[in-house]
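**Student:** The lines below spell out each chain.
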Amino acid sequence: MSDAAPARAESRRTRAAPRVSGRALRAVLPALSLALIVLAIDWVNPRAISYFGFNLMLNLAVPVAFATIAQMFVITVNDLDLSLGPFIGFCGCVVATWLRDAPLLGAAALAGGVAAYALVGAIIHLRQLPSIVVTLGMLFVWQGLAILLLPTPGGKAPEWLHAIVAVKTPFVPWPIVVVALLAALAHFGLMRTSYGAILRGAGGNPIAVARAGWSVLWAKTLMFALCGLFGVFASLALIGLTTSADATLGRGYTLQSIAGVILGGGEFVGGRVSPIGAVIGALTLTMAGSLLNFMRISPDWQVGAQGAILIAVLAARVLINRLEERRR
Amino acid sequence: MRVLRRWFAAYPWIGSFVGALLVWLAAILFTGGHGAGGMITAALALAAFTVVVGVAQMFVIALGPGNVDLSLPANIGLASAVAMKVMDGSDSRVALGVAAAVASGTLVGLGSYLLIRLLRIPPIIATLSASFIIQSVGISYGRGLQVKPPEGFADFCIAEIGGAPVVALCALVFAAIAHGLLTKTIYGRSVLAIGQNPRAAWLAGIDVERIRLLTYVQCGALGGLCGALLAGYFRGSSLEIGDEYLLTSIAVVVIGGTSVAGGKANIPGVWGASLFLVLLLTMLNTFGVSAGLRLVLTGAVIIGVIVAAGGEARGR
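Protein sequence lines correspond, in order, to chains A and B.
Sequential numbering of the first sequence, starting at 72, is according to the working numbering.
Sequential numbering of the second sequence, starting at 65, is according to the working numbering.
Because the hints were derived from the structure by calculation, they are not lab data.
Be careful, since some hints might not be right.
As the list claims (entries may be wrong) - A few chain B residues facing chain A, derived, Cβ under 10 Å:
#, residue
1, 130
2, 134
3, 184
4, 190
5, 196
6, 204
7, 314
8, 315
9, 324
10, 360
11, 366
12, 372
Stated by the list, open to error - Derived contacts from chain B toward chain A, CB cut-off under 10 Å, selection only:
#, residue
13, 182
14, 357
15, 364
No residue lacks a Cβ here, since even glycine has one placed at the ideal position from N, Cα and C.
In isolation and in its complexed conformation, chain A is listed as follows (with noise of 0.2 Å):
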């Protein structure tokens, strides 16, 4: 044992530099794919480098960023969301319809979806469910409230909405000034405090959590509370720019805002995710997308694309450990 010890200190002092440059290289490559973005959007279409240019691109990715950082508080205790998209359409309607002309009612209603959505972590971790097929069943349950509120797409935006929406900022465009206090905010909350320490423990190691004396029963129906209370707020980011809502407004949002967290360096399970790296993921999704068009390619392939762009980077991820690997 005695002999063991400094042998194995050793070894993994040695190991230490490829490992930390491993990392790094894992960190930096979100911030990598988004720039990759951005040059060849600025070789194809030099014009849309610019203050208007990036508020047109990236106007959608704000509801994409508040979407894709809902799906990262349950990604990290382990789980998966896949009735987001629906529940942001389902939101939207409401915002349309209710809170431009009632807005007591309109507030509880998106009020009484953030706490189904509690309530969802809460029965998933009590009967030790599969998420997905509760949020599957979820899903099927925000479409039809959707389709019964807003049968036909309809209603219109509140004024004080499209007004915060089209606030025009010096210098940075606003939908940055946004995403970048999401992301800050997100990175502090979970990050830097203790109990977000604690939350992302519930999903790294939630027996040790449990044993230190931390409920994660609370854990997991907060984080799914954050979930639907983030939804609410892409529904209002989207709602502010669309102006008007239909039943089926959020179709695709649950893939972006998975594939967003994936993008951004989060690992499907053990807690570790990266909110600022997830807001990231969420920009390029968005800019790929614009990328796409002034490509000219047919709006055909987006949802194709954006699949691509998921398994390019996974497979750049995995390249990355085997070359870590070999080094060893």
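Guided by the hints, dock chain B onto chain A, whose structure is given.
**Tutor:** Frame of chain A, contents of chain B only:
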């Protein structure tokens, strides 16, 4: 009471058949007995498609936590388009069309497995990202074309023998074969062994990766077959034809008594749960419920059943 409980423990699929019966009774009570037989015939046909997809999904889910194929809807949609295009409305090309659909599904399954294996990503993410690529392929392949199925093929898909749809009879035979495959063959036992403990299965000499490959490929192939049959039944392909199977394929497996934790599966439950879900929709339709409310109630009932039946499942 105790006897009843022992029965339920031994045959976890009984509940789903009881549920189906109750829902059917509620529906015919409402209509005053009218159309009870027709309701069963229609339900059997629709349940047949769900059974095929459900059994495919069941083998995947039985592999253990995290194993699920989310690419089925896109796969079905693409295969339906492939089948209709290859058949090109001519009865002589039916076999070719079905084979093409199955081949397209097989490729999808193979692709999903390769993503899981090479990128070491959870099957949920792999099949989800694959499904978006398949969707795009489907959109650009079947663009704006509404190819009708050949008359003979469409007639076969809706044919009945004494009130029993031919597709349902085929699905019954299929389920019997799948049951044998699951309980009597080395492949089926291997799937269950991997679902219970992949490491123990590997130590016992099972080629885990080969079994996983076979399972994802069979799931894709069956999805393709279902796509071709659905296009025949609904007289035309569409990319959305498989959309509802995202939830139902997983729901019938769970409601039928297969453990989401893996390693425990049964085929009769898939039949019972498929009938239950199809009859539930029929009942809501006879009650004259609106489309939105129908979605809400379907989702709520599925969650309710899963919450009531759950408890031992772990992981995602």
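**Student:** Which of the numbered hints are not met once you compare them with the structure shown?
**Tutor:** none
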